Amino acid sequence: IESNARFVEWSDGSQQLLIGNEVLDISKQDAQHEQAHLFLRHGKGILQSQGRILTKMRFMPSSLASNSHRLLTALVDSRHKKVYKVKNCITDIDPEREKEQKEKAVNQSIKANELLSRRKEKGPKDIPRKSALPAAKSSRRPVDFSESEKEESEYETEGDEGEGSPPHRRDEDAEEDYAEEDEEHEQREEEETYDESEEEAE
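Using full-length UniProt numbering, read the sequence shown as starting at 1 and increasing by one per residue.
Just so you know, these hints were derived from the structure itself, not from any lab. Because the structure is a prediction, the values reported are computed rather than measured. Virtual Cβ for every residue (Gly too), placed ideally from N, Cα, C. Please note that the accuracy of each hint is not assured.
Unchecked claim - The list that follows gives simulated cross-link-like pairs (lysine-lysine, DSS-like), each with its CA atoms no further than 25 Å apart:
#1 Lys111 x Lys99
#2 Lys56 x Lys28
#3 Lys87 x Lys99
#4 Lys111 x Lys122
To be verified - What follows is a set of in silico ranges between Cβ atoms, one per label pair, in the way DEER data are often shown:
#5 Asn113 x Asn88: 13 to 23 Å
#6 Ala65 x Val106: 10 to 20 Å
#7 Ser66 x Asp30: 49 to 59 Å
#8 Ser62 x Asp30: 15 to 25 Å
Using the sequences plus the hints, can you model the full thing?
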């Protein structure tokens, strides 16, 4: 048998394997504690022991620029390289319909947010307040009422009190104002009659 492989042992005790132009470094390791054996296969299911392995030899490229090193690195990279494949996925839901439902939900949420922002910008409506009653008395001049009109007004007030409806606070204030005006009017009439009587006496 002819071969281009040969073992070379150097003066420092190191060994190398030469295969053509390739140089491989050899490292020996003790394998007695591993209980490794060499078997020869005879047919199917028959193994014949040839002996126990006491030493292991490991071969490594001598340099990183060697052809064997490039081949080994390419082999390792190919094993760990990610391969992109097309994955098949079977779904029970129509993806187009699901997409439409999601878009519809998003549009509804956007509209709701816009409506809420508009309401916040408008703010609460201004509620008209009731006009406050003047606390001070009216400064208008007293109106002269005839006795017949006074009797009619008194009759109307008595008729209103006879009914079961409760009088309002504003009506009570108005009646008090009228009573005060009547008293002032009577005092003025008395003063005028007194002045006239004095003038006649003179």
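Consistency of the hints with the structure:
1. Taken as a hint, the Lys111 and Lys99 pair is honoured in the structure, with Cα atoms around 19 Å apart against an allowance of 25 Å.
2. This hinted pair checks out: Lys56 and Lys28 have alpha carbons roughly 6 Å apart, not beyond 25 Å.
3. At roughly 21 Å between alpha-carbon atoms, Lys87 and Lys99 fall within 25 Å of each other, so this suggested pair holds.
4. A distance of roughly 17 Å separates the Cα atoms of Lys111 and Lys122; the hinted pair therefore holds under the 25 Å criterion.
5. At about 40 Å, the CB distance of Asn113 to Asn88 disagrees with the hint of 13 to 23 Å.
6. As the Cβ distance of Ala65 to Val106 is approximately 60 Å, the hint placing it in 10 to 20 Å is violated.
7. For the hinted restraint 49 to 59 Å between Ser66 and Asp30, the CB-CB distance of approximately 28 Å leaves it violated.
8. The hinted window of 15 to 25 Å between Ser62 and Asp30 holds, with their beta carbons roughly 23 Å apart.
The structure shown violates the earlier hints numbered 5, 6 and 7.
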